[in-house]
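Residue numbers (our numbering), protein chains in the order written: chain Y, 1 to 371; chain D, 1 to 309.
There could be a bad hint or two in this list.
To be verified - Covered stretches of chain Y (chain D as the covering partner; in silico rule of three or more C-beta atoms under 8 Å from a C-beta of chain D): (1) 246-260; (2) 272-280.
Stated by the list, open to error - Footprint (simulated), chain Y over chain D, 3 or more residues, beta carbon under 8 Å: (3) 11-21; (4) 60-73; (5) 77-88; (6) 168-174; (7) 234-247.
Claimed, not checked - Partial selection, computed: residues in chain D whose CB lies under 8 Å from chain Y: (8) 3; (9) 7; (10) 91; (11) 94; (12) 250; (13) 253; (14) 255; (15) 271; (16) 277; (17) 285; (18) 289.
For the record, the hints were derived by calculation from the structure and aren't laboratory data. The C-beta atom is built at its ideal place from N, Cα and C for all residues, glycine as well.
Listed below are the residues making up each chain.
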Amino acid sequence: MSSKSASDSVLLNSASAKSARRFPMRLEYDASRTRSPWWSPILSIILALLLCAVFIAANGMSPVTVYDKMFRGAFGTSYGITETLVKAIPLLLCGLGIAVAYRISVWNIGAEGQLTVGAMAATAVTIYFPGLSSFWSIALMLVFGTAAGALWGLMTAIPRTHFGVNELITSLMLNYVALLALDYVVFGPWKDPKGFNFPGSPMFTAAQSLPVLGTTRLHIGLIFGLVAVAIYYLMIRFTRWGYELKLIGANPTAARYAGIHIKKHIIIVMLISGGLAGIAGMAEVSGVTHKLMQGISPGYGYTAIIVAWLAKLNPLGLIVTSVLFGGLIVGGYSVQTIGLPSSISEMLQGAILFFLIAGEMIHRFRIRRNA
Amino acid sequence: MDFTTQLLIAAISAGTPLLLATLGGILNERAGIIQLGAEGLMLMGAVTTCIVYIRSENLLLALLAAIAVTAVLGLVHAFLCVTLRANQTMSGLAMTLFGSGLSAYLGKSISGIPLPGTSPKLDLGWVKGIPVVGDIFGRMDGLTWFSLLLVLALHLLIHRTSWGLHLRAVGDSPATADVMGIRVQLIRYSYITAGTALIGLAGADMVLAYAPTWNEGLTAGRGWIAVGLVIFARWNPLRALFCAYFFGALDSLGFRIQLLGSIVPPYFLKMIPYVVTILVLMYLGYRNRNKPSGTPESLGTPYIREQRF
């Protein structure tokens with residue numbers, strides 16, 4: 001092989017020795033270039049929009065009309081903007097949880113289930129403790145929602161730490177279990193007797209609902225999200241715990257030799273991760289839907305994975321990307337008026353993620369002139 | 001027919017898509033690349049089959065289209081994971097999201113329309129006469145027979161041929177394989193593409209033999225169960241056969257208990273496959289805690305020439 005490449009960089013092409021001589025340029029991989037440029041997420045979004053435009057056009061629609069409809073629906077009116085923010089709240093909370101776990105390479109893709117059980121636990125408070133004062137019912141719902149989400153996170157952490165089971169599979173299986181449990185309670189024991197046989201819990205009272213801003217649907221859960229982001233920033237920046245997470249993330253073997261208990265950290269981050277998703281679930285039922293019903297989450301837990309990645313686990317980035325993806329969800333709903341499925345936003349999310357992970361690597365390749 | 005025979009028939013019918021997807025996953029992971037996109041790939045395979053079959057009324061064309069579409073997605077995964085060395089977990093998740101979104105979008109126009117036919121049954125007159133065995137084998141359709149042959153073929157390929165040796169070498173130690181003159185990148189590309197096409201065929205089987213119309217998200221997590229089954233089967237095609245049928249049985253057992261008038265609500269019965277997956281993986285993890293698990297040694301780590309690990 002070529003002796004020209006530096007020790008930390010290698011040739012891309014396996015048939016390189018020969019082609020390197022013939023071809024004046026070569027591609028070089030430099031693993032040390034880990035920081036991708038700031039504009040790479042923006043470029044990913046643009047390329048994803050272009051790719052999906054091809055599919056939309058192939059299906060006989062005009063991509064311009066569709067994207068215009070989506071954008072106007074999400075950001076065009078003051079109603080659209082508050083709706084976008086309403087959707088951004090669960091994305092921010094779940095995305096933050098995923099980011100915390102990802103710091104030490106724990107892949108939590110179970111935010112969807114953790115959110116669902118959080119919503120269920122909050123609803124349990126309204127059913128088993130009716131008639132509490134506003135303060136106590138909200139506080140109790142918050143505690144129950146967080147605890148349920150954290151418990152669901154723990155059920156992913158324990159198999160990983162004590163049985164060596166990949167957390168991706170466990171957390172995903174638990175999503176399906178949570179959704180089936182939700183179906184059971186809304187069709188069964190918690191079904192509203194006055195609900196015209198419609199699956200869902202009874203409506204929450206005013207005391208069990210989170211305060212909203214004016215006449216909009218924007219609720220105080222936004223404050224929960226922002227406070228959580230601020231705490232995350234301070235914890236990561238200034239505490240020993242944050243430092244240990246950074247150390248494990250950078251080099252788990254070195255961290256273990258340094259005496260850091262990795263299993264304990266995995267359990268802690270999964271408790272936090274699940275707890276935050278649980279808060280998101282509590283905020284959804286108490287702030288938005290005011291009752292427990294099927295489809296409480298249109299895939300917030302999955303979208304939040306991309307939110308966390310696009311933000312590169314950065315607190316400020318999390319706020320920006322969750323608003324952006326909140327807009328994508330609202331935009332997805334608004335294309336339903338022209339007869340398209342809202343899952344068009346899911347397709348866009350997948351495409352963005354493809355370009356994002358590709359972009360993260362592509363900039364590590366450099367075109368070099370052969371000497 | 002007694003209960004057991006009925007359960008066996010149902011287990012095979014529900015287990016076949018799981019088997020095909022698991023075999024596809026095994027091919028991917030034997031080459032050292034994690035494949036978490038099974039759910040999205042199955043959905044893409046299913047929706048392509050439905051669209052082409054309804055439009056052209058030609059089963060073979062529909063199957064080929066499903067294979068072609070998922071093979072293209074496989075090439076994307078291979079390009080990201082092998083050439084660009086991107087994060088394999090994230091690429092798989094992107095595949096699942098993109099696949100479920102795109103399949104829902106493309107399938108909107110044919111949602112609920114029944115397919116013109118099902119997977120053809122093989123006419124085995126002489127087998128049908130045998131009790132029990134005849135009941136089971138006489139009912140199997142073409143894709144089920146194909147999956148059985150595939151198990152045998154892949155078992156022989158992986159464990160008895162030099163191609164299989166190369167495949168295992170690439171999954172276990174790509175650097176060594178490279179030194180031995182095996183073309184690591186070519187092998188990885190080929191097996192990823194072939195494996196994802198098989199997962200697509202699993203989706204096609206779901207609509208042809210199991211649920212005869214397209215519905216948004218019709219796989220309901222079976223792709224993810226297949227990801228678990230790859231581990232459960234310890235990357236071995238023969239074990240995959242038993243594991244897939246076992247889960248097929250669990251899947252249909254819930255439905256059958258319901259028919260028998262069980263007092264347990266159906267939602268809990270539907271949880272069985274998911275809960276059992278977690279419990280079985282925990283048991284395997286516990287039992288094999290000090291033993292090699294059969295995982296391809298370099299699973300998940302991209303291979304870079306001239307770089308020491």
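Do the hints match the structure? See the list:
1. Against chain D, the region 246-260 of chain Y contributes 0 residues with a C-beta closer than 8 Å to a partner C-beta. That does not satisfy the three-residue criterion, and the hint is violated.
2. Proximity of the region 272-280 of chain Y to chain D, defined as three or more residues with a beta carbon under 8 Å from a beta carbon of that chain, is not established by the 0 residues found.
3. With 0 residues bearing a CB less than 8 Å from a CB of chain Y, the region 11-21 of chain D misses the requirement of three and the coverage assertion fails.
4. Using a Cβ-Cβ cut-off of 8 Å, 0 residues of the region 60-73 of chain D lie near chain Y, which falls short of the minimum of three, so the contact claim is violated.
5. With 6 residues having a beta carbon nearer than 8 Å to a beta carbon of chain Y, the region 77-88 of chain D meets the requirement of three or more and the stated coverage holds.
6. Coverage of the region 168-174 of chain D by chain Y is violated [criterion: at least 3 residues with CB-CB distance below 8 Å; count 0].
7. A stretch counts as covered by a chain when three or more of its residues have a beta carbon under 8 Å from one of that chain; for the region 234-247 of chain D and chain Y the count is 0, and the coverage is violated.
8. This hint is violated: residue 3 (chain D) has a C-beta 25 Å from the nearest C-beta of chain Y, more than the 8 Å allowed.
9. A least Cβ separation of about 22 Å between residue 7 (chain D) and chain Y goes past the 8 Å threshold, and the interface hint is therefore violated.
10. A least Cβ separation of about 6 Å between residue 91 (chain D) and chain Y falls short of the 8 Å threshold, and the interface hint therefore holds.
11. Interface hint status for residue 94 (chain D): upheld, as the beta-carbon distance to the closest one in chain Y is roughly 4 Å, under 8 Å.
12. Given hint, residue 250 (chain D) at the interface with chain Y, is violated; its Cβ is 13 Å from that chain's nearest Cβ, farther than 8 Å.
13. With 8 Å as the threshold, the beta carbon of residue 253 (chain D) stays out of range of chain Y, its nearest partner Cβ sitting at about 15 Å, so the hint is violated.
14. Residue-level restraint check for residue 255 (chain D) is violated (minimum Cβ-Cβ distance to chain Y is 14 Å; threshold 8 Å).
15. At a threshold of 8 Å, the smallest CB-CB gap from residue 271 (chain D) to chain Y is about 5 Å, leaving the interface hint in force.
16. A hinted interface residue such as residue 277 (chain D) counts as satisfied when its beta carbon comes closer than 8 Å to some beta carbon of chain Y; here the least separation is about 5 Å, so the hint holds.
17. Because the closest C-beta pair between residue 285 (chain D) and chain Y is about 4 Å apart, less than 8 Å, the hint holds.
18. Restraint check, residue 289 (chain D) versus chain Y: the minimum CB separation of about 7 Å is within 8 Å; hint holds.
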